Amino acid sequence: MVVQQQDEQVDRGRRVVNWLLGSSLAVLFVSIFYPIVKYLVPPKLAEPMTFSVTLPWKLAELKANSGRIFRFRSLPGLLVKTSGGELRAFSAVCTHLQCTVQYREDRQDIWCACHNGVYDLNGKNISGPPPRPLEPLKLNVRGDQIIVMKG
Amino acid sequence: MTGVRITAWLEERIDLWPLRHFIQKKAIPVHRHTVWYYFGGMTLFLFGIQVATGILLTLYYRPSGEEAYESVQFIMTDVQFGWLVRSIHSWSANLMVLTMMMHLFSVYLTQAYRKPRELTWVTGMLLFGIVLCFGFSGYLLPWNVLSYFATKVGTEIAGQFPLVGQVLMRLLRGGDEVTGATVSRFYGFHIAILPATITVILGLHLFLVQKQGMSIPPAVERAHRGQPLKTMPFVPNFLLRDLFGWFVALGLLAALASLFPWELGQKADPFAPAPAGIRPEWYFVFMFQSLKYIPAKIGPFEGEVLGVLGFSLGGLFLLLVPFLDKRSASGEPSPLFRWIGIGIIAYIVIFTVFGYVAPAMK
Ligand code: FES
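These protein sequences, in sequence, are chains A and B.
In the working numbering, each residue carries its 1-based index in the first sequence increased by 56.
In the working numbering, each residue carries its 1-based index in the second sequence increased by 34.
What the hints contain is simulated information worked out from the structure, not anything from laboratory work.
These numbers were taken from a predicted model, which means no experiment stands behind them.
Quick reminder that beta carbons are idealized off the backbone N, C-alpha and C, glycines included.
Heads up, some of the hints might be wrong.
[Said to hold, decoys possible] DSS-like cross-link-like pairs, simulated, lysine-lysine; straight-line CA separation at most 30 Å:
(1) B:K60 <-> A:K194
(2) B:K360 <-> A:K180
(3) A:K119 <-> B:K301
(4) A:K119 <-> A:K206
(5) A:K206 <-> B:K301
(6) A:K137 <-> B:K326
(7) B:K149 <-> B:K360
(8) B:K360 <-> A:K206
(9) A:K114 <-> B:K301
[Claimed, not checked] With the C-beta cut set under 8 Å, the calculated list includes, among others, these residues of chain B facing chain A:
(10) R66
(11) I328
(12) I332
(13) G333
[Unchecked claim] Label pairs and their computed distance ranges (CB to CB):
(14) B:A86 <-> A:R163: 34 to 44 Å
(15) B:T41 <-> A:R68: 36 to 46 Å
(16) B:A230 <-> A:P187: 49 to 59 Å
(17) A:K94 <-> B:F108: 28 to 38 Å
(18) A:L115 <-> B:A380: 32 to 42 Å
(19) A:L101 <-> B:L340: 43 to 53 Å
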């Protein structure tokens with residue numbers, strides 16, 4: 057009888073030790089992996105909400121029925137001059153999987169080569185996989201200068 | 035006689051018996067599907083070439099947005115035989131994916147994944163995933179236009195995963211966009227993280243294969259009604275055949291690498307439109323082509339998300355097939371799983387061909 061009781065006590069003691077060992081190991085691993093995982097996620101860079109750029113081309117340089125890519129913040133933008141002479145600006149980032157779109161002079165539309173997505177000149181997605189229209193940008197023409205802003 | 039003395043010297047220090055036993059006893063079953071046994075070893079051989087040429091490339095390559103393209107250009111034009119080393123690295127990568135796929139699907143169709151080889155199959159599928167990650171991360175490193183857009187689309191696809199997608203995408207890109215930071219990061223994956231992982235899993239895979247011996251297709255087994263099959267000794271009969279295959283592969287590689295040196299293309303420019311006819315590496319083309327056909331919206335879901343989920347489920351199915359295919363496990367014929375396998379192969383082949391033919395038809 058006495059012996060069994062002792063055994064039970066030893067068993068309980070062992071379970072407690074095992075539990076303590078196990079949970080402290082778990083805590084140790086979490087405290088090692090947590091900073092590693094956090095380290096791997098790159099820090100967010102603050103970006104201003106509004107932004108404007110002056111394009112490197114003069115208004116007079118642009119032909120009708122043409123499109124040009126420009127640098128808008130860290131992303132490409134697209135400036136289109138329609139055959140009617142109207143100016144339009146969009147983000148050139150395809151809404152499908154973010155390839156850079158281009159203006160097609162022969163079809164007068166905006167085309168993404170990656171998966172053959174097509175947008176019309178209002179930026180509306182008209183065929184292929186893009187799910188949304190291109191993001192429009194605001195245009196401001198001052199004299200001969202073209203200024204593009206986030207809407 | 036030095037050989038004997040060296041063996042004796044070693045024998046005194048370490049027990050060579052298991053090795054000797056292995057060499058004497060390992061046998062390869064001979065039947066009409068024996069040819070498929072070669073593809074695993076072939077993949078391993080090409081992997082060895084990747085390790086060797088990869089190490090050589092690290093000596094000159096510089097992983098940053100400003101220097102990556104230029105350093106590859108330097109390797110190709112200034113370093114003696116640099117073009118050859120890079121070309122072999124690229125060609126061998128492609129051949130390796132090819133032999134790996136043949137290995138995978140031959141194992142699938144001969145149902146070699148069945149009990150007791152479930153773990154061998156699972157480690158094999160993990161290896162397959164790691165090799166695709168090698169391919170994807172290596173593709174960006176030259177920092178040319180094609181690799182830039184391939185990475186952009188590829189990481190964006192990763193970003194489509196529900197819940198974890200956005201974090202995963204930033205984690206892969208090392209920021210919000212594909213930039214020089216992505217190059218450094220992919221380089222880290224390509225030469226440190228992935229090699230470390232593959233070493234462990236490849237070791238496990240090879241260990242299991244040696245432990246369990248070659249699987250005999252159930253159909254062959256049934257045809258023999260329990261009669262023992264003909265075998266050939268691994269050393270030297272099978273090994274010499276293996277070596278012959280590797281020799282041919284080496285010749286093929288040398289020919290491909292020197293006759294069709296791998297192109298470098300134009301330097302990546304985030305402010306240029308995606309070029310017409312853009313397409314990922316051939317082993318991703320079937321997915322790329324499928325994404326083209328999925329409409330933007332299916333009911334309330336984005337087409338992409340469904341596509342990505344579909345492919346993930348397909349991968350998960352392959353990973354778990356030994357546990358799903360109960361009939362093969364008990365040695366019975368399992369036509370359902372055979373047809374699913376054939377269906378997957380047909381899908382991959384057809385969509386790959388489409389990926390190359392369809393743009394030309396438009
Ligand atoms: S990224 Fe533009 S159509 Fe897919």
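Status of each hint after checking the structure:
no. : hint                          : in the structure
1   : B:K60 <-> A:K194              : violated (73 Å)
2   : B:K360 <-> A:K180             : violated (51 Å)
3   : A:K119 <-> B:K301             : holds (28 Å)
4   : A:K119 <-> A:K206             : holds (24 Å)
5   : A:K206 <-> B:K301             : holds (29 Å)
6   : A:K137 <-> B:K326             : holds (29 Å)
7   : B:K149 <-> B:K360             : holds (9 Å)
8   : B:K360 <-> A:K206             : violated (59 Å)
9   : A:K114 <-> B:K301             : holds (28 Å)
10  : R66                           : violated (43 Å)
11  : I328                          : holds (7 Å)
12  : I332                          : violated (11 Å)
13  : G333                          : violated (13 Å)
14  : B:A86 <-> A:R163: 34 to 44 Å  : violated (49 Å)
15  : B:T41 <-> A:R68: 36 to 46 Å   : violated (56 Å)
16  : B:A230 <-> A:P187: 49 to 59 Å : violated (39 Å)
17  : A:K94 <-> B:F108: 28 to 38 Å  : holds (36 Å)
18  : A:L115 <-> B:A380: 32 to 42 Å : violated (56 Å)
19  : A:L101 <-> B:L340: 43 to 53 Å : violated (32 Å)
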